[in-house]
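Engineer: Residue numbers (our numbering), protein chains in the order written: chain A, 19 to 345; chain B, 19 to 345; chain C, -8 to 313; chain D, -8 to 313.
Be aware that one or more of the hints could be misleading.
As the list claims (entries may be wrong) - According to the in silico footprint, chain C covers these stretches of chain B (three or more CB under 8 Å from chain C): (1) 51 to 61; (2) 130 to 138; (3) 193 to 202; (4) 205 to 219.
What the hints assert, rightly or not - The list that follows gives simulated cross-link-like pairs (lysine-lysine, PhoX-like), each with its CA atoms no further than 20 Å apart: (5) K241(D) - K283(D); (6) K204(A) - K40(D); (7) K283(C) - K204(B); (8) K295(C) - K283(C); (9) K(-5)(D) - K187(D); (10) K204(B) - K257(B); (11) K283(C) - K187(D); (12) K148(C) - K241(C); (13) K168(C) - K187(C); (14) K283(D) - K232(C); (15) K(-5)(D) - K148(D).
Stated by the list, open to error - So, partial list: chain D residues that the calculated Cβ filter (under 10 Å) puts toward chain B: (16) H34; (17) T35; (18) S45; (19) G56; (20) A59; (21) A89; (22) G216; (23) V217; (24) A218.
No wet-lab data here; the hints were simulated from the structure.
Yeah, the Cβ is synthetic: ideal placement off N, Cα and C, and Gly gets one too.
Here is what each chain is made of, one letter per residue.
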Amino acid sequence: MHHQDIPVDLALDIYTRVLRIRRFEEEVGRLFRQGQLPGFVHLYIGEEAVAAGVCAALTDEDTIISTHRGHGHVIAKGGDIKRMMAELFGKATGYCKGKGGSMHIADFEIGMLGAIGIVGGGIPIAVGAGLSAWYSGSDRVSLCFFGDGAANEGSFHESLNLASTLTLPVIFVCENNQYGEFTPAKNAMNINDIADRAIGYGIPGLVADGVDAFEMYRVTRAAVERARRGGGPTLIEAKTHRRGSHAEGEEAFLAGQTYRDEAETAAAQANDPLRLLHSYVSENGLLPAEQLEALDSDITQFVAEAAEAARNSPDPEIESLFEDLWL
Amino acid sequence: MHHQDIPVDLALDIYTRVLRIRRFEEEVGRLFRQGQLPGFVHLYIGEEAVAAGVCAALTDEDTIISTHRGHGHVIAKGGDIKRMMAELFGKATGYCKGKGGSMHIADFEIGMLGAIGIVGGGIPIAVGAGLSAWYSGSDRVSLCFFGDGAANEGSFHESLNLASTLTLPVIFVCENNQYGEFTPAKNAMNINDIADRAIGYGIPGLVADGVDAFEMYRVTRAAVERARRGGGPTLIEAKTHRRGSHAEGEEAFLAGQTYRDEAETAAAQANDPLRLLHSYVSENGLLPAEQLEALDSDITQFVAEAAEAARNSPDPEIESLFEDLWL
Amino acid sequence: MPRKTYVAAIQEALAEEMRRDQRVFLIGEDVRIGVFPSTRGLHTEFGDKRVIDSPISELAVAGAGIGAAVTGLRPIVDLMFGTFLYLAFDQIANQAGAMRYMYGGQTNVPLVFMVQNGAGSSAGHHHSQAVHQFFMNMPQIKVVLPSTPYDGKGLLKSAIRDDNPVLFLHSLSLGGKRGEVPADEYVIPIGEADVKRAGNDVTICAAGPTVYTALDAADALEAEGVAAEVIDLRSLSPWDKETVLESVAKTGRFIAVDESFPTCSAASEWAATVAEEAFYQLRAPVQRVTNKDVPMPFSPVLEKAVLPSEADVIAAVHKTLA
Amino acid sequence: MPRKTYVAAIQEALAEEMRRDQRVFLIGEDVRIGVFPSTRGLHTEFGDKRVIDSPISELAVAGAGIGAAVTGLRPIVDLMFGTFLYLAFDQIANQAGAMRYMYGGQTNVPLVFMVQNGAGSSAGHHHSQAVHQFFMNMPQIKVVLPSTPYDGKGLLKSAIRDDNPVLFLHSLSLGGKRGEVPADEYVIPIGEADVKRAGNDVTICAAGPTVYTALDAADALEAEGVAAEVIDLRSLSPWDKETVLESVAKTGRFIAVDESFPTCSAASEWAATVAEEAFYQLRAPVQRVTNKDVPMPFSPVLEKAVLPSEADVIAAVHKTLA
Ligand SMILES: Cc1ncc(C[n+]2csc(CCOP(=O)(O)OP(=O)(O)O)c2C)c(N)n1
Ligand SMILES: Cc1ncc(C[n+]2csc(CCOP(=O)(O)OP(=O)(O)O)c2C)c(N)n1
Ligand SMILES: [Mg+2]
Ligand SMILES: [Mg+2]
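Just chain A, with the same shape it has in the complex:
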């Protein structure tokens, strides 16, 4: 298998994004289990191809909005792993000086307008970022990530409709990882494809294989081009799988209760986006094996260093409580 339309650089770029996310999230999982991280942590493992493929189709000017499960989006958009890690520790050196935490990372420099802990809460904000581009005549595109669960929030409906009526350059990427917390998506809606909801807004709705980073790249690129041409919004549903817990440490929550379809989980394991990309990169000889390994160990080490640095960073000063309030 070879993707003619994906140049080597791009393939490697996407692979690197996926790898960075995976190694970051693995480290975060470890840190959480060791009790090093405060608050709630939601990992993106298994879903990396979505953020990586999608963000590879965006420029630095294009903006994204993210969710409680947002680490992958930050990394895919080019965010700083060290500052994110420090934020997860709640440290002064973090992206938000310790005021945001895992569910509230932002990097306005790279067009990452923020993760939002309220399910569906970011969707209207992304419409506003698109409105801004439209208003200013910029060819910037606004993109929004949200989950299958979020697609049942009123904000989803109002936002897609508003973006459609104003023909705004907004791309709605629904990460259908089959669950909202412990509720299977199919119990929370009576349809197979969330993409079908696009019909209700008169916009295109596409289903994409969220395990295939290249497909995510392609559908996003088409939507981006459409949006830049003034064609308005697109809804993309990425079928993906949340590999692990809803939130780290949920075993304690669950107290032995189960909610997962075992067969489905096994299938998802077999269909791992990182492994698929790794095979592609190595089988097509995009990078020699030793360089591939070096890349992985570099990233792994970088993430470990980020954790170490974060751990050793100072807590915010109490005085900083009253900073960042008003401009």
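Chains B, C and D with the ligands: place on chain A using the hints.
Structural biologist: Chains B, C and D with the ligands only, in chain A's frame:
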């Protein structure tokens, strides 16, 4: 033209409902122009066939929820014109003892669970009434009226989805009268048929001619039967026309500005639901001409008497302020 | 000075600010035609892009304002009636009211939410509630509620120029009030109260329509030889504690008049603050005059009985002087 | 008496009431598995119809609860975190909180909204706000916030049996607290405070987690010879003014401890009421100890610094005795 499936009694029943609504609303319009009514008043003229046809398909046990434009729904469900008129005057003898007013009429005795002044605010409540029937194993059906504008509220989306996932006996009747206030429905959404939004919830979505009371009756009856059978919710879009103002007295609001498509308004005038029904009833000889006239003048007189009685009713006692607060 | 109505002054502030700053735009339901006259005529001058009619989707429209604000624009989001903010409550409390702080100062939200606040049109509970108390509670939202055309124009201009989210509340019942509005450019800083009437015997604090209730009461009290000082707070968050405390230091008596449900109201805040900080100056208990503690009824006689009245204020003054 | 945790006591109240009354059911996101342990195990006992997992649709779920309540059922709507009520704010304020009144007494809304209130899990602004102040303002909603397993069980039972809408607030940070819970049936009437510690020198009023802050402070103060009376309000609306005023009549000093943003807070309400009604008994100004006036930060050290602390309470007591 003759509707084989509509028995004479039913046709006359529906005709009477339409006529009662029309005469009531005409009187209310007059009263408002004369400055006799406090608050805001939204008339249902031109849309009578929807409420009449729909409610004719319901039993007294079935419940409805209504909107700011709710007088027609109350009358169609069998409400008391005198108590409604008194409520519009804000009198102690009104449905809500003067506490509700035009936008908040309810008659729990006849399953009219209340008009709601918040656009879209009644839709979830109707889902709850349906949940109640489902929970209790009753074959009661819950029906909800709302406008084209309300279909853009988050509550619409969440409610239809919730009713669908629980397979509740709820019928959603969207009265698409082409406008939400001064905004044409087509500017507020990029689709032709709101009924298409049903696809997003995996429920049937039907377009019906809201000028044709018999058609409204038929589609509602089918939806009611489906719901009673445990088939779950249906979305019915009634294409209708708001004949007059959004709210009475809007000329002052508008200050010369216009927002209506003249041709469309003329076409709507020509396609009057009362006239159509009147022709049907007289052309098919369902009632002799003199009885038809007597019916009309009886209703007209009854409404005028209701207004007179309301006018002469006492204002609520100030002490009543602290009644009806807690049970 | 030209005399203008309250709504005309608000409309003028919108038009002038939109002329001054291309980043300012207006979005809301029927803002083109103008359900309230404050937005009327703006569409003719500024066109489709800057005066945007939205679907009836308060949550998304509020959120879109936020998204536009953090990406360089200065939106005015008109959500019509105060209670319609309830549908956008999450976007205001969780997002606009925290984004700057939550993201460690990386962004700011220069956004005005604009609604009519309170009762007076006999429209029933859903269209007659005062909502300022909810938004005063939020640490990163400013709230203003002008009572005169002059204050309305000056405060709205400040709100639009503010780099933080501001809730601009106006009052339908004051729409037709006339007052002097300078032809020349001016602004009124957010956070400064205005002593609408000076007096040494009792301090009455009010905002919006209750300013007139208080002034009417003060007129009546004058005949009895009681000189009431009426402070129009104008800004509710931040509010001008200093002016109020100075006045109480002089009068020793304090009455908060506030159109809202009583519990956890603005009146509670003002009364608590005065009790905390001017205790030793107080010669009688602070008092609150608010709505009666019931939902807003429709009937004009009941509605009137719910709202704080001149008689209520006079009774409170009599009590404080007794 | 058996000792149980706070969450276990809440769970027990749910189970017992569901057993007692077939009309009682539970709806919310993941109430079957139980995001919070309070709803765990109920699905096994009561099945699909009475323990309903909903889509993530707060507005519709709240509204569905209302519709079910006015048609004869007694729903418990679990919306998880306090801030998620913001998405259902319209249904609570405009509908549940007015339907009985607005329709002239034709109906009533026997409904419990249940959420976790306040901070303590270092989860950032969106999961850490206290929301009781908003709902206390609404004339037709009751609000309770228990601090002990005993109170939690007794108040939840009362809430479920109440024929009016009740907001039942519980606290994640108290979830593991243990206390005695009688094996026999009991209820705690809504509206009755509980004096958790008697004392003659100063009255400290608190609710939920701040009860412990106040008790800890009282312990520390005892060593200094100061006897603080700690009143746990338990019910926030209606609240037990009488017990508080009686206490202040005895102590002459009042401190309100409230986990919430300060402006228009419950603390403001308590302080204003005491200042209004116990002025002549007060020997020092009332004081409020609340959150610092900033959005809730994530960092545990910052979060702790925002919340009302034992030291804050002690400082207030020192000030009132100075
Ligand atoms: C408004 C709101 N309701 C509920 C929650 C609690 N919650 C956090 S994540 C989550 C599930 C979200 O599911 P989905 O949108 O599919 O995202 P995923 O976690 O699967 O990425 C829920 C219910 C919340 N944070 N906000
Ligand atoms: C939440 C909310 N937003 C706005 C309004 C103001 N408003 C009252 S009626 C109306 C138009 C409603 O349009 P539609 O749903 O089509 O009903 P119609 O008036 O056409 O019957 C609007 C915007 C409101 N009452 N509630
Ligand atoms: Mg999901
Ligand atoms: Mg309409």
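Engineer: Which of the listed hints are not met by the structure?
Structural biologist: 5, 7, 11, 12, 16, 17, 22, 23, 24
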